[in-house]
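Colleague: Below are the chains, spelled out letter by letter.
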Amino acid sequence: MLMILKAFLVGGLICALGQVFLDNTKYTPAHLLVTLVVLGCIFTAFGVYDWLLDFSGAGVGVPVSNFGYILTKGVLLEAKRDGLIGLFKGVLEVASAGISASVIFGFLVAVFFKPRK
Amino acid sequence: MKNVDKTPDEYNQMINQFRPGKPKIVNFLQAYLVGGLICGFGQALIEILQLLGMPADEASSLATIILIFLGALLTGLGIYDEIGQFGGAGSAVPITGFANAIVSPAMEFKSEGWILGTGAKMYIVAGPVLTYGMVTAFLIGLIKTIFKF
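Residue numbers (my numbering), protein chains in the order written: chain A, 1 to 117; chain B, 1 to 149.
Where hints are given, some of them may not hold.
Residues from chain A that face chain B, not an exhaustive set, calculated with beta carbons under 7 Å [to be verified]: (1) Gly61; (2) Gly106; (3) Arg116.
FYI, nobody ran anything at the bench for these hints, they're computed from the structure.
Glycine included, each C-beta is placed from N, C-alpha and C at the ideal position.
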């Protein structure tokens, strides 16, 4: 129960800061998502993201910055195991499930539904 | 009186520029509420899956997949866009918003065909996100491998 509350507080804060970014700049949500993913990668590089995940679980696991985390995590895991070739093999290793699910469900829903306007 | 040479749509666009939007603090709180609820729901999903005996890392992978599915489905039903009207970044930032960013243009551009419409346009947001994410992750791995920090 405590973790759910922490997920609410931390995840909500990330989203609210994203709103501040949108409200005070000319950038679009696409820019925001890209920025968050790149920040997720950088935070992972310094070990901050692991700490944040331990602290707030889905609070940083659900925001799109988590894509940055799992992409970088895969690279670092494989790089340790296989060296240079691991840099390429690792990118989609941990992220595979999320990316595949997005493409597959995204496409199938688009096939079966019509836009409402 | 001079005749108005604008269609109602153009007129609305024109006055919307001058209409005061919601105060930023309201946007902030609404984004906090919606984003927080989605993340809290994600955490609840993970904990339920773990109670059912699933190991921690599999539980969070499956929770992510379920959230993506729900985000895509609610977009198809037209519900996610209404959540987005209220929640702003609160609905765009979670992984459900990523699914939304794939499904919306994929449905919208069906009229341009299955290949160049749906197949191409579904990546209009997901493409840059994945490209910049993958390249950054690769560069970080490269730097870490070379300098061993």
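Colleague: Evaluate each hint against the coordinates.
Modeller: Status of each hint after checking the structure:
1. Residue-level restraint check for Gly61/A holds (minimum Cβ-Cβ distance to chain B is 6 Å; threshold 7 Å).
2. Below 7 Å, beta-carbon pairs count as interface contacts, and Gly106/A has one with chain B at about 3 Å; its hint therefore holds.
3. Checking Arg116/A against chain B: minimum C-beta separation of about 4 Å stays under 7 Å; hint holds.
The structure fails none of the hints (numbered hints given earlier).
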